[in-house]
Every structure is written in C-alpha cells, then in structure tokens.
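Take the given structure of chain A and dock chain B with the ligands to it, following the hints.
Sequence order for the protein chains is A and B.
For the first sequence, counting from 1, position 27 maps to 27 in our numbering; every step adds exactly one.
Numbering-wise, our numbering comes out as the position in the second sequence, counting from 1, plus 363.
There could be a bad hint or two in this list.
Straight-line distance between alpha carbons at most 30 Å, and here's what the computed BS3-like set of lysine-lysine pairs gives [as the list claims (entries may be wrong)]:
(1) 440/B <-> 572/B
(2) 427/B <-> 792/B
(3) 440/B <-> 584/B
(4) 427/B <-> 584/B
(5) 823/B <-> 344/A
(6) 427/B <-> 344/A
(7) 344/A <-> 792/B
(8) 302/A <-> 252/A
(9) 344/A <-> 302/A
In case anyone wonders, no lab produced these hints; they're calculated from the structure.
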Amino acid sequence: MASLRPRALPLSVRTLRSALSSTRPSPNHFLSAPASTQTRAHSTSSVSADELSHFSALASSWWDPMGHSRILHLMNPLRHEFIASCLAEGTSSPSQNPSSTSTPSTATLNYLDVGCGGGIFAESLARTIPLDPTGPAPTPTLAASMTAIDPSTDLIQMAREHARMDPTVHEHLRTGRFKYLNTTLEDVLAGNAVTLTPASSSTAASTPNPSSPSTQPAPQYDVVTLFEVLEHIDPKTSTPLSFLTNCLRALKPGGWLIGSTISRTLPSFILNQVIAEAPWPIGVVPRGTHEWSKFVNPGEVKGWLQEGLMRAADTGVSRGGSAIAEGMRWKCVGAIYIPGIGWKMVPGSEDWGNYFWAVRKEI
Amino acid sequence: MRPISRAVLRPYVCPTCRHGISAGRRRFGSKSDSPDLYDVVCVGGGPAGLGLLAALRASPITSKLKVALIESQDLRKAKAWDLEPNQFSNRVSSLTPSTVSFLRSIGAYDHLDVNRVQDYQDMQVWDGQTGSRISFDWSMETSPFEDMRTVATMTENANLVRALLRRIADLGDENLSLFSNATVASIENGSDLKPEGPDLSAWPVLTVKPTGPAAETETPKRIAARLLVGADGINSPVRSFADIPTQGWDYGRHGVVATLALDEPATPPFPASKRTAYQRFLPALGGPIALLPLPDNHATLVWSTTPENAAYLKSLPTPAFLAMVNAAFRLDMTDLTYMMGMQSSSSDSTSHQDELTWRAQHTPLPSQIPPAATAVQAGTVASFPLRFRHAAQYISPRIALVGDAAHVIHPLAGQGLNLGLADVASLSKTIQYAVSHGMDIGDLLTLERYSSERYLPNAKIGGACDLLHKMYNVPGEGPVALARSLGLGVVDRLPFVKSFLMKNAEGY
Ligand SMILES: Cc1cc2nc3c(=O)[nH]c(=O)nc-3n(C[C@H](O)[C@H](O)[C@H](O)COP(=O)(O)OP(=O)(O)OC[C@H]3O[C@@H](n4cnc5c(N)ncnc54)[C@H](O)[C@@H]3O)c2cc1C
Ligand SMILES: C[S@@+](CC[C@H](N)C(=O)[O-])C[C@H]1O[C@@H](n2cnc3c(N)ncnc32)[C@H](O)[C@@H]1O
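If we strip away everything but chain A, and leave its shape as in the complex, we get (with noise of 0.2 Å):
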C-alpha cells in the first residue's frame, strides 16, 4: 500500500511528456492510453510506483511492432537462446539429462517470468508448450508451463488479451498451462497468488484449483526469468539483493535464473540515456524509460546473485554458504543492437549496456 505514494500528479505530467515525445510516425500509440494508471494494493514494496505508472502509460503499443517495445521485441529471440544455452549444461529437472543425446527431451520445465510486463517475452515462450506434452520438445526451451507475473494491472490486461489473438496461447491460457497474473513476487512467494499447475497433469486445467494456497509448498520453478526488471526495482523500498533473492527462493535446486539489464557505465551511459532515449527518429526508447542510477553493472548482480544463494539457500549462516558462492554456477554475455542488423550477443561487451547474466542454484 505505501507503494502509492503522494506524487502521483507531477508523475502522470511526466509521463505524459515522455509519451509525446516519442510519438512515432505510426498512428494512435498513445491516443488510448489510459489517462490513469491502475495498481493493484500489493502487499509489498519492491514495486515503484513511478516505473508503474510510466508503464501502464505505454500499454496500448507495447505490442506495435513499430512502437517503442520494438527494440524488446526485436531481442527476444535472443532471450530464447541464451536460455537454451543454459538449459544445455543442465537443469533441475531429472528428466532432462544432457548426456543422453539419444532420446528427444519431453518438455518438463515450469518457468516463472517476472515483471513480464505486456507479456513479450512470457508469450513466445507459452507459444512453444507443445499441446501434447508427451511428445518431444519442439524448441530446446523445454517449456512445460509459464507462470508471468507483473504488478502493473494495464499490462497484464493487455498482455492477456493479445495473448488471446493466438489460439495456440490461447489454449494453454485456458489449461492453465500459461497463466498472467496481476501479482507481485513477494505474493508468489507467500503463495498468496498462484498454485503451480503440476507439468504432467492433463486435468489440471479449466477448473481453477480452489485448495487453499496456505496448504501448498512454496512455488518452485525450474527457471525463473527476469528480463529488463531489475533497473526498474525502486532503490527507495526495495534492494536488488532482496528482490533477487526471492528469485532465487522461487527457485528448485538445479533451477536457473536468467536475466538481461543494462550496465551502468561510460559508454552505456551514451548509448541509453543519450542516444536511446533522445527524440525520435534517433531514439529508440521513450524517455524516463531508464533511470540511470539504477542501472547494475555485471559485478554487482554477481555479487548480489553469490549473496542470495547463501540467502536462499535458508541454511543459516553456519553450514556451506560461502562454499556455495564459491561454486556458484554463472553466465554472464553482452548484446549490442545494431541498426539495420538487429541484436547480436557480443561477449566481453556487458560493459557497454545489455547484457544476459545467469545463475544456477545448485543441487
């Protein structure tokens, strides 16, 4: 509740401007937007209200190809990849062996996306849940459900209905095997929010489960995804640590979280605040998109990462904490956007603003 703070005027004049500013060619981008931004009362606090606001704001072309999500759109497909690339040197799934080559993997892992937003990223990866999940995996993904949870209403509203628009997702949002809520982590994590719709189980399904979420386990999820959240994490209410180590909790041993966020430096500062978010034609993010201090550098998301294993792993302080930041398992790529090329994984340019980091929690 203290998230909506008393500022919420010169907010919406803000956002507004930032909206007009970027108001490209292509028509009606922000003609519907609505005026006021919904939230939802959460019980917690790692959600700004300011990063609320400016979102919600751009809800209604966040699926325009051409509008100002079009440089995320354009990187997911990478997303995919790196996540694979992950995947492939194990996962907390007994299933999936890596060494066995010979037999085709089943799609087995539950995925949590969190802060998804208009659902970019949670909707590809619904895409390829195959409607038999007996069969092999069509994508090296392995998705067998998708849990995206944001805490901005506008987004999960729209997100659910461009979700309808492919009858595929539109399946798996009916299952129950791709799920949009409207909720924070720290709910997930209370279990407030949502009960896990068990991988194997076909009747899952359309009838919600209406057991009481106290009764249930923590959620636990093979991967859990973080993509562009956490520089938008209110530094005020919140800290990094804390939000990525409830990451980590939602987390199976053996599980991955994955990530992107942009680094705080020199030349990420030119290439994000400068260039990216200068008037369009330049730019190609919408102003107040980015606050430039709440960019992390590759570093310190390790050392948070290395910090919320030993927290998470809920052991006290006492037994194996630093041995497990010592051997923690971790990923860590730059990708650069190139005009008329598009996105491409550059190793050695985390420095130079995007970059994928991943952590696995070990067995």
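Leaving out everything else, chain B with the ligands in the frame of chain A:
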C-alpha cells in the same frame, strides 16, 4: 515500398462491424461457423507455392505445422504429368545453381526426371545491331582441373512441379490439406470468438470453393490462417486482400516460345558435355531471341518481340517459322525487318527459307551462332505478354507474398522462377527461425526478416532486366547503340553485366 507502419493500417473489420458479425454468428450457432485453423495457408500451387510447402514439410522444425495449399488447377494431373522422352513442354525455365542447391536441400531435386533436364556451361550473348558480344564461359575462369561450372540448368516447369508434388507426397499427409481444383472465393478478417474462443479478428479467413462439377454439390470450406502466403501469381487475390498496391507496366512485348530440334553442331563441343545458351538482341524487332539447350540437341525458344511480330510468327507455317528463327540469329536488322513482313502462304512455304539462304550468303556470320533449328515440336508455338510488376511490399500482418505474386520481371535473363524460389527459401528459413524462437509466424516482426532479405535483391534484378530491355530496344546507330557497343565490349571484362548475368544468376 510502403513503410511497414502503414501496413498495420490494413483495414481490419472495425469493432462495430465485428459486433454485427458476432451478433449474427450467435444466431447461427458458433460451432459450424468457426473456421478450421491452419498455421500456413498457401494460395497457389505453382513452383513457388509447392516449393514453400515442400520446404516446410522437409524441415524437422516446421514439419509439424498445420498447412494447407489451395490450387485451382488439378494437382493430380500435374503429379501424373508425363511426356515422350523426345517431347518437351514449351514452359521451360533455367534454374541457377543456388536454386538447384535449394531444391537439393529440401530433397526435391532427386525427384526431377534428370533425363529431361539440361545443364549449360556457356552463354553467348551479342547485339544484333552492333555485333558487340559478351560471352559467359565458366570454363575460361576455372582451372582445367576443376569441373566445368554450370551457368544454369534448364528444366520444364512441369517436371519441377511434379518433382515438388512427389516430394510433398513422400513426406506424408499428416497436418497437410491439399485443396486441388479449388479456388479462393473470398478472404476476410475473422472475428472475436468471445467469450470462450480466441480473438481471430486479425486472422485472414478464406472461403475455399471447389471448381468444376463439384462446385454444385460440395459446400465451401472456411479456413483461418496464422500466416497466409500469396503464391498465386501475377493477379494474386491474396495481394488484393492485403490491399498491397503494385507498381509496373506492360512491356508491349510478347514472348514467343516453342520447342525446337537443332542440327548437330558444326564443330563438336569441347569438352563433349559442354552446352551453350544463345541470346541475340534484336533492337529493330523489339527484344532478344534466345535458344536454351534441352537434352538431345533440343532447345527451347524464347523470343521477345512486339505483339504484331509475335502474331505474325505464330501464323507462319512451320518451315517459314524455322527460317525466321534461324534468320534471327544470322541476318542483319534490315533483312530481318523485311522478312517479318513477307507474305506467306502454305502453297509457298519455302519463300522464307529461300530468302534466308540467299541473304545469308551476303552476311558475314559471327562464329558464335547456334546450330540451325530443323524442326518445331507440334503444338508448342505459343506466346505470353511480358510485364513488369513489383508489389509495394511483400508483407502485411499475417500475410506474405512470394514469387510472381510479389514480382514479375522481363524474362530476358531467365530469372523469374529463380527469384520466386529464392523468396521461398528465405520465407521458409524465416518461419523456421520463428518457430524455434517462440515467435508468431504471422507476426510482422517475424515476416520483416523475410521482406528485408528479399525486397532489394528482387528489385535490383528486376531493374537490371528492365534496363537491359530498354537499352536493347533503341533501334539504329544512335548514341544508345554506341553506348551499347561500348557497353558490351568493355563490360565483357567488367563487373556489371557479367556479374549480373552470372554471379546474380548463380545467386547470392
Ligand atoms: C515466356 C516466359 C519465360 C520464362 N522463362 C523463365 C526462365 O527461363 N527462368 C525463370 O526462372 N523464370 C522464367 N519465367 C518466369 C516463371 O515462369 C515464373 O516466374 C514462375 O512460373 C512463377 O511461379 P509462381 O509459382 O510464383 O506463379 P505461377 O506459376 O503463376 O503460379 C500461380 C498459381 O496460383 C494459382 N492460382 C491463382 N489464383 C488462384 C486462386 N484464386 N485460387 C487458387 N489458385 C490460384 C494458379 O492456378 C497457379 O498455379 C518465364 C516466364 C515467361 C512468361
Ligand atoms: C522494461 S519492462 C520489461 C517487460 C518484460 N520483462 C519484457 O522484457 O518484455 C519492466 C517491467 O517490470 C515491471 N516491474 C517493475 N517493478 C517490478 C517489481 N518490483 N516486481 C515485478 N515487476 C516489476 C514493470 O511493471 C514492467 O512491466
């Protein structure tokens, strides 16, 4: 090209109209009314459409997609196509090596009847006005130890279509619907199947009607497409639905085609397997004449000329027609123009031949002329109007155009079909990428990969053919002819024409 953002404005059914539709559908009950859903619906079963289908079915990534193809002709007949070994269809195309390797990669090439195809390694092109000449002989550029490089492979379109159909049959019929003898009666946007169903208001929904006798008894089918591919030729109904304008003009020329038998060459080719294609530009008659090799000293003729000349040629008795073809590779413009106007009657069928024999004695013959044509296969003389068309864009939400639906070019470089199959190779790769990365295959973000890969190359080759056509259509000895002769002479060793006709012809 229209900017993509405009394409998003393709008129969808507006919400109020949609309201009307869904109100109506409730009355009729929604079960029977909701269309069958397909991932890819391809309209048109020519080389492009069938090529796409074979490519999608052959790839393990896309073989599970639910696909449909609609063709108004009888595909069973096309699959059973058969001709005597020494007979050749007059619809023949040259396949570039990159097209051949694409066909191999999808497993279709092995289904071609190889006794009916002919590679050629050399190409003689010259200007009938100035005599300047350009030769494309790979054997000059490769070392004697290498195999001769193929410029192109001649194949009947029917042989190719049959190969593609056989390959498709090979790959099984799971998730495949072939609507043969069927035509697209209408295409419209779907509707929102609220509250239970998905929102199909941005999905194209086709009404497929049988043609012929079945039209009376069978009820039309409604099918919805995640991706609707227009491989439906120059008058593409898919393109009209997508409201994509085309740019273009008619050349005011016709292509006269025929299957010919040729004399033994005066000097046997060296190496013995070397075959040559011949093309002579005839500015005074409106375009080039080309003879492209087929097996056993056969050749296919493509003669681009004015509609009047085409009509005249088609009206000639066979000996006169043959004399005209041979004259066109030998005589000068004045003689040819004269012969194009000669009266001919069946009683006097040798007059053209006599004229040719007499005039050839007084004309210095270049060394590169083809062996004389000695016979015309009955029923193969035909003509087609030549046109240039280029769609303003190849994609629109849930729509992609390939082949002649996207572009029709002058046939003087034999590139039309190759461009179409290059489109198909690119689109099928794009679809594979999308499927393996969770993208919606009908989404503009997916399809823009295809159009950005194909639009410029097609425009470039179409434009170069157009330029060549125009350059060689200015009769007389004026500055253009001078430029031409300079052009062909100099350019023989320079990049443009050569790299255009060979490297581009070779692909990529
Ligand atoms: C004289 C001449 C010579 C040529 N020589 C060469 C050459 O040497 N090399 C070369 O590469 N190219 C050549 N071409 C070009 C080549 O033939 C074409 O580019 C090629 O056939 C195009 O294939 P396509 O599949 O795109 O279209 P098409 O072959 O036109 O196929 C379109 C199909 O769609 C079907 N269709 C249309 N409307 C509907 C509907 N409403 N419902 C159902 N089905 C429908 C039609 O029946 C047809 O089968 C030449 C062309 C001409 C005219
Ligand atoms: C740049 S968007 C990224 C959207 C999506 N992950 C993608 O890449 O397409 C950032 C999203 O993070 C969400 N967000 C901000 N703070 C959050 C928090 N504390 N917990 C979860 N999501 C949050 C915002 O609502 C917004 O949708």
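These are the hints, each one checked on the structure:
1. 440/B <-> 572/B: 19 Å, holds
2. 427/B <-> 792/B: 15 Å, holds
3. 440/B <-> 584/B: 23 Å, holds
4. 427/B <-> 584/B: OK: residue 427/B and residue 584/B at ~22 Å, within 30 Å.
5. 823/B <-> 344/A: 28 Å, holds
6. 427/B <-> 344/A: At roughly 29 Å apart (the allowed maximum being 30 Å), residue 344/A and residue 427/B satisfy the hint.
7. 344/A <-> 792/B: Judged against 30 Å, a Cα distance of about 18 Å means the pair holds.
8. 302/A <-> 252/A: Roughly 19 Å between the alpha carbons, so the hint for residue 302/A and residue 252/A holds.
9. 344/A <-> 302/A: 22 Å, holds
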